[in-house]
Amino acid sequence: MPETSIRLKVRFFAVLREQAGCSTLTLETTASTPAGLYSELQTKHALTFPVSLLRVSVNERYAEMTTPLAAGDRVVFIPPVAGG
Amino acid sequence: MRPAGRDACRYSISQMFELTATPIDTAALTARLAAPEAGAAVIFEGRVRNHHLGRPVIRLEYEAFDELAQAEGDAIVAETERLYPGTRVLCVHRTGTLQIGEAAVWIGVASAHRQAGFAACRHVIEDLKLRLPVWKKEHHPDGAAEWVNCTTEAAAKPAAPYYHARQVALPEVGEAGQARIAAARVLVVGVGGLGCPAALYLAGAGVGRLTLVDGGRVELSNLHRQILFTSAEVGAPKVLAAAARLRQHNPKIEIIAHEGELTATNARALVAGQTVVLDCTDNFATRFVLHDACHALGIPLVAAAVHRFEGTLDVFRRDTGGCLHCLWEGRSPAELDTAGNCAGGPVFGPAVGVLGVMQAAEAIKLLLGREGDSVHQSRLVNLLDGSQLNVERAMRPGCPVCSKLHQLKIAHPPENAEKSIFVNAAGIGALGPAAKTVYLLEAGESTPRQSAPPMITTVAALDLIQLREFAATGPLVLVCRYGVRSAAITRLLRTEGLANVFAQTG
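As given, the protein sequences belong to chains R and G, one line each in that order. All letters in the first sequence, in the order written, are residues 1 to 84 by this note's numbering. All letters in the second sequence, in the order written, are residues 1 to 506 by this note's numbering.
Everything labelled a hint here was simulated from the structure, so no lab data went into it.
Taking lysine-lysine and the DSS-like style, the derived pairs with C-alpha atoms no more than 27 Å apart in a straight line are:
#1 G:365 with G:252
#2 R:9 with G:137
#3 G:252 with G:137
#4 G:137 with R:44
#5 G:129 with G:252
#6 R:44 with R:9
Here are the simulated distance ranges between beta carbons:
#7 R:45 with G:151: 13 to 21 Å
#8 R:45 with G:39: 49 to 57 Å
#9 G:235 with R:52: 38 to 46 Å
#10 G:269 with R:52: 23 to 31 Å
#11 R:52 with G:142: 27 to 35 Å
#12 R:50 with G:23: 35 to 43 Å
#13 G:373 with R:4: 52 to 60 Å
#14 G:113 with R:45: 48 to 56 Å
#15 G:266 with R:39: 32 to 40 Å
We put the CB at the ideal spot given by N, CA and C, even for glycine.
Extracted from the complex, chain R is given alone in its bound form (with noise of 0.2 Å):
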């Protein structure tokens, strides 16, 4: 089955923007899912940051790790939160 890849918009925050070295990405992928996204962003640029401890939101809605992606879609990562 040929995979077919849409073009997503990521953006980082704290200490996941400090490890990719960018606030904002535009990208190419075959993910399906942010699970997907993230491991494939895991490799390309360096993050450490272990996926079990991280939430996403989706088109800045909290979203799953599992939730079908489509293109266009604005991803972002949410490493634990510190707010007060």
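Here the structure of chain R is known, so what remains is to put chain G in place on it, guided by the hints.
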């Protein structure tokens, strides 16, 4: 970073949650809380302190995912105002670099009375710490800096093992059992007298995801047994108040609040994907809908029901012990509700407490694979006379719900099981003149209620020796105040081979 000029319209009257990159004007915010009807103004200010985990700190740097933080902040404020009716919440959170002593977050609540004000203020800060996509970086005097909660070693070592240390120490649980509990998804239908203690213990045990279903609101006359709520939440949707309380109890688990009743339309969707389901409802109509959804999807159901001082507990699993229809063959929910359910009626708080906690215990045992005899027994608990009776349940041949499964398991059903356990007034006549009707006296009950049938004798509910003697000499019809105990004892005697025992209906 926020667009420049944003602060020009800061603290707008309509905006209840704001992110700001400039110092918080606490005096201006406090002034906005003034209202003639507000008898209380509760304010929480989170400030930058000069130490964290034993290390000195010289300044903090806050970073926010603006769009999501604004949406989450708005949602937290709106949910808090629903949770504590009559409160008005204002909240401002800083971004950027903050010096020691500066306000990082300001929360103000105006309310008629202090209870709701304090509770709402606390709720906002706790929820905000869990949900708001804001990060802070601590700068130390030696030039080092780190993102709070994001040091991989610290973050990878969650507090959970310590929190559950005493439970994990049980050989029946252990690390493997705890992992099964953490991976579980449990649905609690009804967050009342049963659901409150059940959910509290399930959250404490570390069930990974709890979904709460209830369409009701917190009422003063229910607080004596609905232990998740306080008077500050009266009028709030029960599931929201319960979810907030459970998150405080165990912040590590996921709580989903489904505001609304379980119906025939949504039952399957709510049940699908759950590991175990708890029936904590107070009416038979919902009980059957929930039971049927669980049965259809093969998900174990832990059901409890309480009437005054008494409760029954059943763990229904599709492969054994029969189903709710086997137990109440051919009886309509309306008929059963009349016979004994606690909706709106008098109820002994500890009875729902005990049964709710027993439900949590049975649910956890199912997760651990240690359900034992629970899946084929009805447990009858009476807190007035201190008795507990375990009655064997079995699949009833011909049951429209589980007969197919039953036929696969048992080629030749036992003879006695064919006869219905229930009999009405006309049926009693057909049993012949030798039939004996016995009224089962409850503890503390001196005379049967007036509508009781003409009786031959009365015995204490648990005088089984006497009842066996009666049943051995001719047809025996059992009657009791609410119809629950008589049906259970009839089943018990039937399993002993006494085929001529019946429970009177109507």
